[in-house]
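Please put together the full structure from these sequences, using the hints given.
Residue-level listing of the chains:
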Amino acid sequence: MRALIFGARSLVRQPGRTALGILGIAAVGALLFDMLLLSRGLVVSFRDLLDSIGFDVRITATDSPLPAGVRMKDATRAASDVARLPQVAEVLPMRTANGEIVLSRGRVVPAGITGMDPGNRHPWTIVSGVDLTPRATPPEIVVNEQLRDEIGVAPGSELTLRAACDPGRAVAAPRTFKLVGVAQFPFDDEAQSTAVVSRDALREACGDDRDEADMLMVASSGGAAAAVTAIKAARPDLYPITNEQIVARMQTQGFTYFRQISAVLSAITLLFGFLLITVLLTVSVNQRLAEIAALRALGFSRMRAAADVFVQGALLVGVGGVLAVPLGMALSIWLDRILKTMPGIPSAMHFFVFEPRTLLTHVALLVATTLLASAYPMWLVARLPIAATLRSEVVG
Amino acid sequence: MSTPLVEARALGKIFPMGGGPVHALRDITVQVSAGEYLAIRGPSGCGKSTLLHILGCVDTPTAGTLFFDGREVGALPDVARSDLRLRSIGFVFQRFFLLPMLTAAENVDVPQAEAGRSKAERRRRTSELLEYVGLSHRADHRPSQLSGGEAQRVAIARALANNPRLLLADEPTGELDRSNGEHVAELLDRVQADGTTVVVVTHDPSLAERAARRLIMRDGQIEREESGR
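Here the protein sequences line up with chains H and G, keeping their order.
Going by my numbering, the first sequence opens with residue 410, and the numbers climb by one from there.
Going by my numbering, the second sequence opens with residue 14, and the numbers climb by one from there.
Rather than coming from a laboratory, the hints here were simulated on the basis of the structure.
Since the structure is predicted, the reported quantities are computational estimates derived from the model, not experimental observations.
In this text, a Cβ means the ideal position worked out from N, Cα and C, and glycines have one as well.
Interface residues of chain G toward chain H, partial, derived using beta-carbon atoms under 8 Å: (1) H66; (2) G69; (3) D72; (4) D91; (5) S95; (6) R98; (7) F110; (8) P113; (9) M114.
Just the calculated beta-carbon pair ranges, DEER-fashion: (10) G/F28 to H/L684: 32 to 40 Å; (11) H/Y785 to G/V92: 18 to 26 Å; (12) G/A206 to H/S801: 28 to 36 Å; (13) G/F28 to H/M712: 24 to 32 Å; (14) H/L684 to G/S157: 31 to 39 Å; (15) G/G83 to H/L432: 53 to 61 Å; (16) H/Y785 to G/S131: 32 to 40 Å; (17) H/N695 to G/V92: 22 to 30 Å; (18) H/M712 to G/G83: 21 to 29 Å; (19) G/R231 to H/L684: 45 to 53 Å; (20) H/L768 to G/I27: 52 to 60 Å; (21) H/M712 to G/S131: 19 to 27 Å.
In structure tokens, the structure reads:
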């Protein structure tokens, strides 16, 4: 009889214990799966988010991680220098400021304001109304759905914006804007109020004439790396960085916390899995010592008897591991919802992201755990003294 | 003179125990010819099961040598000893030790599958053996659904599965009532009559009397030998 069928029958013989064992492994496996999803989830999600808006290079004035650092001076000239490069398809300068929408009876709604001229591609998606027109009079504004709901006005209405562009500077006088559209901004969190106006309009709202930008957003025409090389050669005073480099930087800085949590919890989960499997198999072996000794007497080799134990472990982990995947996926959706309520997390980002490699890692870790966890009960079986066991069973 | 199937020369077995070593066997020399029926009797603790285990290659002596079919087997590696047991030696235990999750037929199938026999061959042999022990109608029953006598007969069928040359039975009637014990004893007679060498360890005088030769053991030694039914 094949070892697989033999092992399966041995497990079915103790249905309650086997079912509990499988459930235990499924629970442990689900947690492990979630930790693996978490270990790279933010990175993968963040990279997808960066790529989704169509710009693959960002240029800043300093090497400080975004969005900290110093604003770029003379941004229009920098943008046109970069735009002339054949490796670059499009460049859009972007400036941000804090702002307030001033409503009737003095009520104000704070909002993050982006100053950016719409080009062929831009990091927002119009969901109602129309996009910005540069140099329109009165200046135009597009808001996100959260801000629209807060101020309760529809496209076509006028609204008053007061901008605070630099800490320590007096807040500029309010300006009237025409709300032309409602858009989704990929980096918004669920409670964030955001608006976008043209660069000129933001400059006016800020009450200054400084040609500054937080960054230049660049779409390369022949690959981000080539564009970065060309930008560095043309403007060595600027700091271009590709999406991949931003992700790599986040991986070693901002997201390290989650990776460490994931590594620690994965290790603990694997330890629980190891102990669970070892205990189950050891108990099973100890209950079947006489049978195992009898099989050895009938001609089963040490290797063969030990293989039966491994097959039992593999079946327990195999079935439990398969159940763990949908269980883990369901659990990850729930946990993702909870974690995404943290402030500052863009709605489009996810903590738990499935990748095929996660499944492979999950399987590899479970296989390794099975091998390690089966080692002790297999050793017990391999070292079992046949005659002494048969004798003690009869005397017992 | 033909080579004995099993030959033990000056076997000794010492068990290291907390209170000092226990001499389970002392200087045992015995030969078992092919086709012979040998019974080993003696009081509890006299070393008869230990001798049976050594003869069946499931235990090793601390002194002396053991030959199976003229080949010294004491120094064989575990794999070779397992293979010898699988193909040439059958075991019957006092407590049957059938696998409870398998049916009677599957229990008989196990050693054959391990020996690499084809499915068709196994099916034919299993059916033949269950008929031999009178349990064809119980082929699909699990051990828990069999009486003690029936379970022991299935165990005998399992022991015979790979046509062993030697059948070793350790107290095969020890767990059975008189009537079932009698059935098992008759079956062992038949096994021997059909050409298999049988060695039985027993307390049961009526079972021992069926053997043509009887070794009476005491304190790890052969006290005397009897022959004749």
